Structures are given as structure tokens and as C-alpha cells.
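Could you put the whole structure together from the sequences, leaning on the hints where they help?
Respectively, the protein sequence lines represent chains A and B. The working numbering applies: residue 70 is where the first sequence begins, and numbers increase by one. The working numbering applies: residue 461 is where the second sequence begins, and numbers increase by one.
Everything labelled a hint here was simulated from the structure, so no lab data went into it. Any given hint could be a false lead.
The calculated label-pair distances, taken between Cβ atoms and stated as ranges, are [what the hints assert, rightly or not]: (1) B:L782 to A:T388: 49 to 59 angstroms; (2) A:S72 to B:E717: 40 to 50 angstroms; (3) B:E746 to A:G112: 34 to 44 angstroms; (4) A:P200 to B:E717: 43 to 53 angstroms.
Values in this document were obtained by computation on a predicted structure and should not be read as measured data. Glycine included, C-beta positions come from ideal geometry on N, C-alpha and C.
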Amino acid sequence: MTSLLYSDVEDELRAAVRKVLADRSPWQAVLARVEGAEPYDTGLWRTLAAEVGCAGLPVPQERGGAGAGWREAAVVAEEFGRAVAPVPWLGCAQVTAALLACEDTALLGQVCAGELVAAFAVPLSTPLGAPPPAGVRADGDTITGTVTSVADALSADVLLVPTPDGLWQVSAADARLAAVTSLDLTRPLADISFDSAPATRLAGVERAWTASLTAGAVLLAAEQLGLAEWCLQTTVAYVKQRHQFGRAIGSFQAVKHRLAQLWVEVTQARAVARYAATCLTTDDPDTTVAAHLAQAHCGQVAVRAAEECVQLHGGIGFTWEHPAHLYLKRAKSDAIAFGTAAWHRAELGDILDLPAPD
Amino acid sequence: MRPDELAARTRDFLTAHDPAALSRPDFLRARFDAGLAWVNFPRGLGGLDLPRALQPVVDAVLAEAGAPDNQPLRIGIGLGMAAPTILRHGTDEQRHRWLRPLWTGEELWCQLFSEPGAGSDLAALATRAVREGDGWVVTGQKVWTSMAHEARWAILIARSEPAAAKHAGLTYFACDMTAPGVEVRPLRQLTGEAEFNEVFLDGVRIPDAHRIGAAGEGWQIARTTLMNERVAIGGGPVPREDGMIGVVARDWRERPEVRTAAGRDTLLRLWVAAEAARLSAQRLREQLAAGQPGAEGSAVKYAYALLNQEIAGFGLELLGELGLRYDDWTMRRPAIVDWERRTPGYRYLRAKGNSIEGGTSEILCNIIAERVLGLPREVST
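This is the structure in C-alpha cells:
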């Protein structure tokens, strides 16, 4: 049984990532960026990938990575969630998982090194357990079709496109990308269309497809955990210093109990997210259950944490100038990513032999 | 000591003490004396000064050999509450007198804390302990005492200094339940049976040698006990689907006629919640193995209380007509809560106690808010 605790190495990694994010991407900078011309901070991502080695953590050294594991990648994802960092880590992680399931390609090493930013061209809402979409078709060595609501594509150099008959590598320059006005300001989406775009077939689609969605779902749970931790911590700090009726509002039981309950939920989300990351790292036979469990649980906790954060901040929490809304939008958007909680419950029911009525 | 060395030591012990040839108490006493009772306890007191995490190594070897255990469910109060308190705050003499028969189950322990006027506000307790000669005379009424009718000893808190501040005037004792003046009456609960008792103490004499810790320091000592209680209640090892959720999942699998689409989503929501609670208890046990129980135990206890109630309520409704029937309202005094073999109505009713016993859910929220999150304390008298 692998530990659900954090190792010393993981703690050190977390501290390094947290420092970079605190220096380069405090929430004021994130808030300023979301309405600017460059919603993604690709410079920050290159630093994290090239200097801290965040992109290649789950990739063996002989394939161009850092030779750590998905557990370490999940620790980094927690920090990205905590900072609502506008970096294209999720797309890169999905691409990495897909490429790890294929024969060696040059692309994997380039993504690990931060030389290229890559995105996985599927709707962010594509649920774990669904079949590959049929909206894009290959014809010889070109592809044609559209994909909507793709995360991290706006900053990508390369797109990995799953179609019913293969996994294709396409240069982003050969695709038409249209920015979407996204609910999540810090992870803007794009609609993509391919019109006989030159494409290289890397592999069959099945293994890469499952690997990509599974890793995405597991790492998203880590992001949701980090996000929930920020919301809880920030709210606790606020109710200690905000005074009404001559006392700190955090001394009222109506407030204390809500935060205590949220803390319990965050504690559980940590165990669930940690279990999923551990299963993914060790290729445990329980990985699929763990991934569905993580998405059935952690997304709800993140949403609740963000909603409590808004509510318990009172009026200031409803303003644009306070960062709570960045977290609320990320949390709610994440709750749809890779399938809603209800989807994952239904999938679990099938896997666990808890059948639907006839 | 490495796990394989400990396993070898346990096998050596089995060679010298054949469980088939020894009586149950003799085997358990020998196991205690060999330091294989609770390996994290000190040498000479049933342990080997090893990390708590190594205990399963011993238990696995003994279970494989078919050795008798000490019925941990029956002696849970002794194991979970009295023993850690005696170990931490007792004298050497007290440790040697009490821990061995406690662990072997030859002497059962119960807990005399709550009173009719002191539930959540435990420090308001009114049972008096008056110094007299070389001992104390205790008078008062205690309540919610499980196993009092079978127990030989009780851990007891009483007010020894009525003039002192509320939390300062309490003293912690071990009370002999066979002493004159101790009267135990069953307290029938809403399930029909009586797991608990009322205990009346009328001029009970307790030798000063049975005081645990200094006079006036009972509150600090009781806090150790309560922390351990919450871990004992909420933190036991549970495989997937082993608790209340397992019963409901089994009903769902075996009875196609109870299935509805909405019921399935509820079942799976509870399954997910149960699995989240199970994994966080597992993570807590890993933390305990690395250190001491803290307020995290309160989180596990809080979560399980809520969860058991929700699952039991769902499980009752799921069975429709069968859920209208109860098995037995007869007043009995069970030693162990056997919820698995009883009707869903019993499980539903018994689970209502989970958010009250061992600290109400509201008090647990205060503890988490104040000790973990550092929020301001309630106004306290």
C-alpha cells in the first residue's frame, strides 16, 4: 500500500513551484491578464517547464522527462489550482499522457522541455469513459472538421487531434482557432477548425485516448484540491479579521461550523485526489475507479469551497476586484471538465455492478 | 526492528506458546508479557517501543496461526481510552496493575464522564470528590456509560475543588465498579435495548493510589482520553464497502425490484462519500502512525456520523414494505452493537446516536474551527 501522505521530495517540489507562482503570477497579475490580449502566460509556463521541470515529471528520463511520476505532477497541479495560474499545464499533461501511451516521438521530449506547448484537441467537457469524437476526419495525411471548447489551445504550438481512426499531430498554425468567451477566465477555451490541415498520424487512438482522459481527470482533481485549499484558507483568514457586531465574524458558530465542515470536505478531497494520483503512478488496476471517484468527489468540494469563499466574504466577495470570482469560475468550469459528478457516478455504478433499473 | 524480524519474533513466540494447548487467558497473558500486545507500548507493559504501524505484522502472524484475540470490540473503551490515559498519566504502579488485565480483557473498563447536567459542556460536571483520610469519597450521577454493568473499572472525572475555576477543579480517577455505593441501572434507548447505563455514586471510597495524574488536573487528562475516543470511534480500518454502505450496496445488487434511476444516483453519491471518508480515515491512520492523534480524528468521526445516518436512512426507504418492519423492541443489554445482522430500521435508529456519542457533531465543528482553523473561541464560562 503506497502512502497517501506527501513525501519530502514532493514537499520540496511544491515549495519551488509555489515560489515561482507567487513571484510571477500573484492573483493581481492573473486578474489583470484575463482581460488582456494574452490570456495565457506562456513565458511563465516555459520557466516552469524548462527550469523547474514541471512538464516532464511523469515521463521517464530516457524519453526526455524528469523520471518522477504522476504523484509529483499532481502536487504541481495542486499549486496551479491554488494560484488559478493561467498556464497551459492541463493540455500539456493530457498530451504527455497520450504520447506516453504511443511509440516514441520527438514531440514528447519537446513538450517536456517546454520547447513546445501542446494541447489535446477535444472539448474540455469530454467525459472520461466516452468514445473518441467523430467531428474530425482524416483523408490521407490531412484532417478536416471542427472541435469546440478546447482548453489550452490558444497558447499551443502543436495540437494532438484524436479522430476515430488515429491520433494526429497538427501544427497550430495549420488550424483555425477562434477564442471562446469562457466561463473560466483563467483557462480560456477555443473552437478549432481544420480544413485539409496537414497532419502526421502518430498512433491508433484507443490507448492514447483513455490515457489522456484518465490522466486529465486525475490531475484535475489535484487542481480542484489546491483550489479548494486556497478558498478555505483565504476565507478563514478573512473571517478572523473582519469585525461586525463588535467581534470577528469567525467567532459566530454559523460561520465557524460552515468552515469546519468545509475543512472536513477538503481533508477528504485530499485523500481521494492523493489516492487517484497514486493509482495512476503505479498503474494500479483500481485506477479507473479512482479517477471516476476523484472526479465525482473533488469537483464538488472545489465548487463548494469557492461558493463558501464568495458567501463568507460578503459584499467584497461579489466584486470583480476580489479574486474569489476567479476561483468560482475555475471551480464551476472544472466541475464540467472530463464529465460532471453525475456522469462519474453513473460510470462507477456500471464498473461496480450497481446496475440501473431495467 | 524490521517487519520481518518482528514477524519472526512472533513466530518464535507461537512456537513457545501453542495457542491450541493454552487457555485463552493464559495465551493472552503470555502474549502481553512477550511485548506483542501493542508493540507501540513500552517494554514490560505489553509492547516493544516500536512504531504503532508495525502492529499489523504481529496481528497477521497470530491470526494466521488461529490464535485467540482479545475481542477488541468488547474491550474498546479500555483499549481506546483508558489505556492511553493510564500509560501517559498513570504511575508505574498503576500501569503495571491495570494495563495487563485491561488488554487481555480479564478486566473490562467503562467511562464515567457525562452527567445529566454536563453533556457537551463536560467541564460543568457536578459529581464531587472529597478528600478523606488516605482517599476520596465520591458522590454524584453519571450517564451514557456503556458496559458499566460488566465493567470492573471505570475512568472517572469528578470535581475535587468546587471553589476553583470550572476547568481547574477536576480530578481524574480509576473507580472500582464493585466498590460499595456504585449502582448501575440500564438506560433504555430509542432502539428498544440498553447499551448504556446510568451510574449512581453514593459515597464511593476511592483510594488516593487510584487517582490518575495530579489533583485538579483532570480536565487536561480527560482531553487525552477524548482525543483517543474520537480516533477509536472514527478511525478503525475499513475495506471498501465494508461499512453501512456495503449493506445497502448488497441490497441493491440482490433486489432488482428496489432499483430506480433516482435511487441509483443517491446510492452512488453515498458510495462516493463513503469511499472518500474511508480514504481520509486511511490517510489519518498514516498520520497517526507518524505521530499523535490531533483534531483530525474529529473530522473522521464527524464525517462517519453524517454518512452512517444518510446511508441508513436511504437503506431503510430503499426496502419499501420491508422497511416498515422492525425486528425486536425487547429491552436487552447487548455487549456489542451488532448493526449488520439487524433490520434497516435498527440501523437507521442506532445511527442517530453517532452524531451525539463521543462528542456531538456541533461540538466537533467547534473543535475543528478552534483548534485546526484557529477561529476565535466561543465565550466560555
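Hints and how they fare:
1. B:L782 to A:T388: 49 to 59 angstroms: holds (54 angstroms)
2. A:S72 to B:E717: 40 to 50 angstroms: Holds, since A:S72 and B:E717 (Cβ atoms, about 43 angstroms apart) stay within the stated range.
3. B:E746 to A:G112: 34 to 44 angstroms: holds (39 angstroms)
4. A:P200 to B:E717: 43 to 53 angstroms: 32 angstroms Cβ-Cβ, so the 43 to 53 angstroms window is violated.
Of the numbered hints stated above, the single one contradicted by the structure is hint 4.
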